[in-house]
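Asks: First to last, the sequence lines map onto chains B and Z.
Mapped onto my numbering, the consecutive letters of the first sequence carry residue numbers 1 to 458.
Mapped onto my numbering, the consecutive letters of the second sequence carry residue numbers 459 to 799.
Quick caveat, the hints were computed from the structure, so don't treat them as lab data.
One thing to keep in mind: the hints can contain errors.
As the list claims (entries may be wrong) - Calculated lysine to any residue pairs in the SDA-like style (CA-CA distance at most 20 angstroms, straight line): (1) B:K438 / Z:Y799; (2) B:K43 / B:S121; (3) Z:K786 / B:V127; (4) B:K157 / Z:I764; (5) B:K240 / B:H334; (6) Z:K606 / B:N160; (7) B:K56 / Z:R564; (8) B:K283 / B:P296; (9) B:K277 / B:A328; (10) Z:K787 / B:A124; (11) Z:K793 / B:N118; (12) Z:K787 / B:L131; (13) B:K209 / B:V368.
To be verified - Cβ-Cβ distance ranges computed for the label pairs, FRET-style: (14) B:K206 / Z:I470: 56 to 62 angstroms; (15) B:I158 / Z:S571: 57 to 63 angstroms; (16) Z:I772 / B:T424: 37 to 43 angstroms; (17) B:I423 / Z:I700: 43 to 49 angstroms; (18) B:S431 / Z:I700: 45 to 51 angstroms; (19) Z:I674 / B:D2: 38 to 44 angstroms; (20) B:G345 / Z:E570: 47 to 53 angstroms; (21) B:L13 / Z:I764: 36 to 42 angstroms; (22) B:T424 / Z:S571: 18 to 24 angstroms.
The beta carbon of each residue, even a glycine, is placed where N, CA and C say it ideally should be.
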Amino acid sequence: MDALILARVQFGLTAFFHFLYPPLTIGLGALLVITEGIYVYSKNEDYLKITRFFVKLFAINFVVGVATGIVLEFQFGTNWSQYSAFVGTIFGSPLAIEGLFAFFMESIFVGVMLFGWNRLSPKAHWVSTILTAFGSALSGVWIIVANSWMQTPAGYKIVNGKPIMTNFLHVVFNPYFPAEFTHTIMGAWEYGAFFMAGVASWYLIKNNKDMVMRKALKVAIIAGIFISVAQIILGDVSAKEVVKYQPTKLAMMEAQWHTQKDAPEVLFTIPNESQQKDYFSIKVPYLLSMLATGNPYGKVMGLDGSIKYIAHKDHITNLKPSMFPVDAVYTTFHIMMYIGFYLAGIMLIAIILYWKNRLYDNKFFLKVLWYSTFLPLLALEMGWCTTEIGRQPFTVYGLLETQNSVSPNVTVPDLVISIIMFITIYLILLSFALFLFKKELKGRLEGKDEVNTKPKEA
Amino acid sequence: MSLQFLQILWFILIAVIILGWATMDGFDYGVGGLLAFIAKDDREKKIVINSIGPVWDGNQVWLILGGGAIFAAFPQVYASVFSGFYLAMMLVVWLIIFRAVSFEFRSRVEDESWKKRWEIVITVTGLGIGLLLGVALANVLRGIPLNKEHVDFESLFSLLNIFAIVGGLISLSMFLMHGSVYLVMKTEGELQKRARNYGTKFAYAYIIFTLIFLLISPIFAPRLLGNGLGILGDFVPALMLIGAIGVILAMKSNSDTKPFMFSVLSIVGTIASVAVGLFPDIVPSTINSSYSLTLFNSSSNELTLIVMLIATLIGLPLVLLYSIYAYKKFGLKVKLDEDSY
Chain B
1 MDALILARVQ FGLTAFFHFL YPPLTIGLGA LLVITEGIYV YSKNEDYLKI TRFFVKLFAI
61 NFVVGVATGI VLEFQFGTNW SQYSAFVGTI FGSPLAIEGL FAFFMESIFV GVMLFGWNRL
121 SPKAHWVSTI LTAFGSALSG VWIIVANSWM QTPAGYKIVN GKPIMTNFLH VVFNPYFPAE
181 FTHTIMGAWE YGAFFMAGVA SWYLIKNNKD MVMRKALKVA IIAGIFISVA QIILGDVSAK
241 EVVKYQPTKL AMMEAQWHTQ KDAPEVLFTI PNESQQKDYF SIKVPYLLSM LATGNPYGKV
301 MGLDGSIKYI AHKDHITNLK PSMFPVDAVY TTFHIMMYIG FYLAGIMLIA IILYWKNRLY
361 DNKFFLKVLW YSTFLPLLAL EMGWCTTEIG RQPFTVYGLL ETQNSVSPNV TVPDLVISII
421 MFITIYLILL SFALFLFKKE LKGRLEGKDE VNTKPKEA
Chain Z
459 MSLQFLQILW FILIAVIILG WATMDGFDYG VGGLLAFIAK DDREKKIVIN SIGPVWDGNQ
519 VWLILGGGAI FAAFPQVYAS VFSGFYLAMM LVVWLIIFRA VSFEFRSRVE DESWKKRWEI
579 VITVTGLGIG LLLGVALANV LRGIPLNKEH VDFESLFSLL NIFAIVGGLI SLSMFLMHGS
639 VYLVMKTEGE LQKRARNYGT KFAYAYIIFT LIFLLISPIF APRLLGNGLG ILGDFVPALM
699 LIGAIGVILA MKSNSDTKPF MFSVLSIVGT IASVAVGLFP DIVPSTINSS YSLTLFNSSS
759 NELTLIVMLI ATLIGLPLVL LYSIYAYKKF GLKVKLDEDS Y
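Just chain B, with the same shape it has in the complex (with noise of 0.2 angstroms):
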C-alpha cells in the first residue's frame, strides 16, 4: 500500500460518506418549500402537519451533512497539499465564496426554520424555509463550480508552471459547470421527491385513511414526475458534454476501448482492463454512436483513441491505457443510467393510479414506492463516482496528475489512523442517524406527533 493510495481510499471514503446528506438537504428543502408554501396560502392545515413532521427527518439529515463536510474543506489541504497549491488560487475562491454567500445563509436560516416555529409570523417563517432551501442549493452551485472546473479547467494562464486565474467568470462558467450542475441538482430534488413519496407510503401501507400523509404522497408525485424526466434529458446533455471535452472519460463510461465509426452501446459488459477487451457483453449495435454525435455512423473516440489525443492536445506522454479504470467507471455510470430509467418509470406508474383514484389503496405499488426511497441515492452517488473515477488519472483534467497532487509529508501510519478513525466514526453516525429516523417514523405511529385520520377528501 502506498500513501497515495490510501489519500485516494479516505477521499473516496469521506466524499462518498458526506454525499448521503446534501442531496437530501437539497431536494427535502424544496420540496418543504412547497408544502409549506400550500399551507401559507391555503392555510390548510394539513401541509402544515406535512412540512413540521418533515422538518424533524430533514433536521437529523441536515446536521449529519454538516459535520461531515467540514471534512472534505480541509481535505484539500490536509491530504492534497501539492494539489493545493497548485490550484488554491483559482479553485479556493468558489469555496470561500460558497461559504460566503451559500452556506452562512442556509445555516442561520436554518436554526430560524427549526427553532422559530413560535416567533414568526407563517409567512415569516415560510421565507426562512425558502432561504435555508436556497442556501444549500446556492452552495451546491459553488461546489459544482469548484469541480466542474477541476474537469474543464478555463479562464487561466500557466505563469511559472502553475495557473493562475485570468478570468473569474470563465472559471466559473466553465464549458462543463451547466451541465454538471443542473444534473446534479436534479438528482437532488428527485432523490427529495422520493423520499418523501417513500416515507408518505410506508404510512398509507400502515393507513390508507392518513390524510396528511396523502397529501405528501401527491405532492411527491406530482413534482417526482417533472423531476425524473427532466434528469432523463439533463443526463443526456451531461454525456454529450463529456464527449466533447472528456473523450478518455466517455471511453470508459461506455467501455469503448477503440475508436468506431459505428460504436455500439454497451449494454452489460464485465471488462477485462489488462487486456483492453471485453469478457463478455451485451451491445445494441449503432446505438451509442447515435446517441453520441446524432448519426449512427458518428465516430465515437475509445479508449486508445481518446488517449492520444489528450496526450497530444495537453502534451501529456507518460499516459498508458492501463492508468484508466474502465470497469468502475462502467458500471457506476451504467447503475446510474439504469436507476434512472427506473425512477422515471416509477413515477409514471405512480401519476397514472394516482389518475384512476388508485393509488393510495394499492399496497404492492406503496411498497415499491417505499423500497425506492434511496434509489436516487445511489444514482446520486454513483454518478458522483462517473464523474470522480473518470476524471482519473488526472485531478485537473489534462492539467495536473493525481500522482502528483497528493501532501509528500503525510506517512502510510497517518493514513491508516485517519481511514480507521473516519471509518468509526462514520459508521457510528449513519447508524444513529438511521436509528433516529427510524425512531421518528414510529413515533409518528404512535401518535406522539397528532395523526389526522377525518376522512376529509376521501
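Here the structure of chain B is known, so what remains is to put chain Z in place on it, guided by the hints.
Replies: Just chain Z now, kept in the frame of chain B:
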C-alpha cells in the same frame, strides 16, 4: 490596487475572519465546555444548550469561511500548515464532527444515559477545540520546520511543546470565559450567578496564562522579540489583559451584557497579537528564515485577491444582516418551547 496592498489587506481580512470565528463560535465551544459543570438539573442543561441552539450552526460557518479564505488568498499556507499538522487537524475535524451532531442527537431520545453521553460529548468537544486552537496558533507563532519546498515533516508530538500548551491554555480559558459571559447574557437567576462566578475565574486564568506566555516567549520563540510592528506591537497584547480585567470588573457591576463586550475585546487582543506577532510572515520556518511563508511569497495573484475582496465586501454585510435578524428573533434571554433541543 497594487499587489502588495492587496496582500496586506488579505492578511488583515483573514485575521478578521478568524476573529469572527473566535468571537461567534468561541462562545459556542465555551458554553459546550461549561455544560457538564455549570448546569445542575435537566432544565438548566436545556437552557444552557438552547442558549446556543438556534445559532451555533451559523456561527460555525466562520470556520468554513476561514478555511476557504486562506485556501483562496494564501494557497501555500493552507497546503503547508494543514498537511504539516496532519493528525492534529484530523483531531480537530473529529471533534467538530461530534460537536455538530451532539445537540440534535441528544434531544431526540428521552433516555437519561443517552442524554448524559451526549452531554459529555458536548463538554469534551468544547474543551478540546478550545485547547487545540491555542496549540496550533502558538506553534505557528514559534515557527514550524518548513523546508525549502515549504513542506513540514514534523510529527504530532513535536506540536505538543510547553510553549504550545501554554498557548492552548490561553485559548481554552478564553473560550470558557467567553462562554460564561455569554451565559450571563442569556440566562437568569441561579444559573446566571454561577456563570458570573465561572466567568471571573476564567478571566483570572486567562490573565495568568497570558502573562506566563509573554514571559516564556523570548525562550521558545525568540523571533517574536525582533518582530512585529515595533513599539505598537507591544501594546496589542495589553488589549488582552485590559479586556479580561474589564470582564472581572463588569461581572461585579450586575450588568448582563458588559462582561460580554469586554470578553470580545480580549479576543480581539488575542487574535491581533497573533497577527502582529507573525507579520509579515504567516508561517515562519524554524529551519531557515528564507524558507518562511510570508504574506508576500505565498499569496494568490492580484486578480484572485481582487475577486475575493469584492465578494467579501458584498457578502460580509449580508452575513451580518442575517445574523442580526436571527439573534433578534430569539431574544436576549433563553425561552424554552417544544421546538427547543
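Asks: Does each hint fit the structure? Answer for all of them.
Replies: Hints versus structure:
Between K438 of chain B and Y799 of chain Z, the direct Cα distance comes to roughly 19 angstroms. Compliance with the 20 angstroms bound is thereby established for this hinted pair. Between K43 of chain B and S121 of chain B the alpha-carbon distance is near 13 angstroms, which keeps this suggested pair within the 20 angstroms criterion. For the hint pairing K786 of chain Z with V127 of chain B, the CA-to-CA distance comes to about 16 angstroms; that is within 20 angstroms, so the pair holds. Our distance criterion of 20 angstroms between C-alpha atoms is met by K157 of chain B and I764 of chain Z, whose separation comes to about 17 angstroms.
Taken as a hint, the K240 of chain B and H334 of chain B pair is honoured in the structure, with Cα atoms around 16 angstroms apart against an allowance of 20 angstroms. For the proposed pair K606 of chain Z and N160 of chain B, the alpha carbon gap of about 17 angstroms is at most 20 angstroms, so the pair holds. For the proposed pair K56 of chain B and R564 of chain Z, the alpha carbon gap of about 14 angstroms is at most 20 angstroms, so the pair holds. For the hint linking K283 of chain B to P296 of chain B, the alpha-carbon distance of about 14 angstroms falls within 20 angstroms, and the restraint holds.
With a C-alpha separation of about 15 angstroms, the suggested pairing of K277 of chain B with A328 of chain B holds against the 20 angstroms cut-off. In summary, the hint linking K787 of chain Z to A124 of chain B is supported, as the alpha carbons are separated by about 11 angstroms, within the 20 angstroms threshold. For the hint linking K793 of chain Z to N118 of chain B, the alpha-carbon distance of about 11 angstroms falls within 20 angstroms, and the restraint holds. The straight-line distance between the Cα atoms of K787 of chain Z and L131 of chain B is roughly 16 angstroms, inside the 20 angstroms bound, and the hint therefore holds.
Distance check on the hinted pair: K209 of chain B and V368 of chain B sit about 19 angstroms apart at the alpha-carbon level, within 20 angstroms; holds. Checked against the hint of 56 to 62 angstroms, the pair K206 of chain B and I470 of chain Z passes, with Cβ atoms roughly 60 angstroms apart. The supplied range of 57 to 63 angstroms is met by I158 of chain B and S571 of chain Z, whose beta-carbon atoms lie about 59 angstroms from each other. Taking 37 to 43 angstroms as the suggested C-beta distance range, the pair I772 of chain Z and T424 of chain B conforms, at roughly 41 angstroms.
Checked against the hint of 43 to 49 angstroms, the C-beta distance between I423 of chain B and I700 of chain Z comes to roughly 48 angstroms, which is consistent with it. At roughly 49 angstroms, the beta-carbon separation of S431 of chain B and I700 of chain Z lies within the given 45 to 51 angstroms, and the hint holds. Taken as a hint, the range 38 to 44 angstroms holds for the pair I674 of chain Z and D2 of chain B, whose Cβ atoms sit roughly 41 angstroms apart. The beta-carbon spacing between G345 of chain B and E570 of chain Z, approximately 49 angstroms, falls within the hinted interval of 47 to 53 angstroms.
The beta-carbon spacing between L13 of chain B and I764 of chain Z, approximately 37 angstroms, falls within the hinted interval of 36 to 42 angstroms. Evaluation of the 18 to 24 angstroms hint for T424 of chain B and S571 of chain Z yields a pass: the beta carbon distance comes to about 21 angstroms.
Violated hints are absent here; each numbered hint is respected by the structure.
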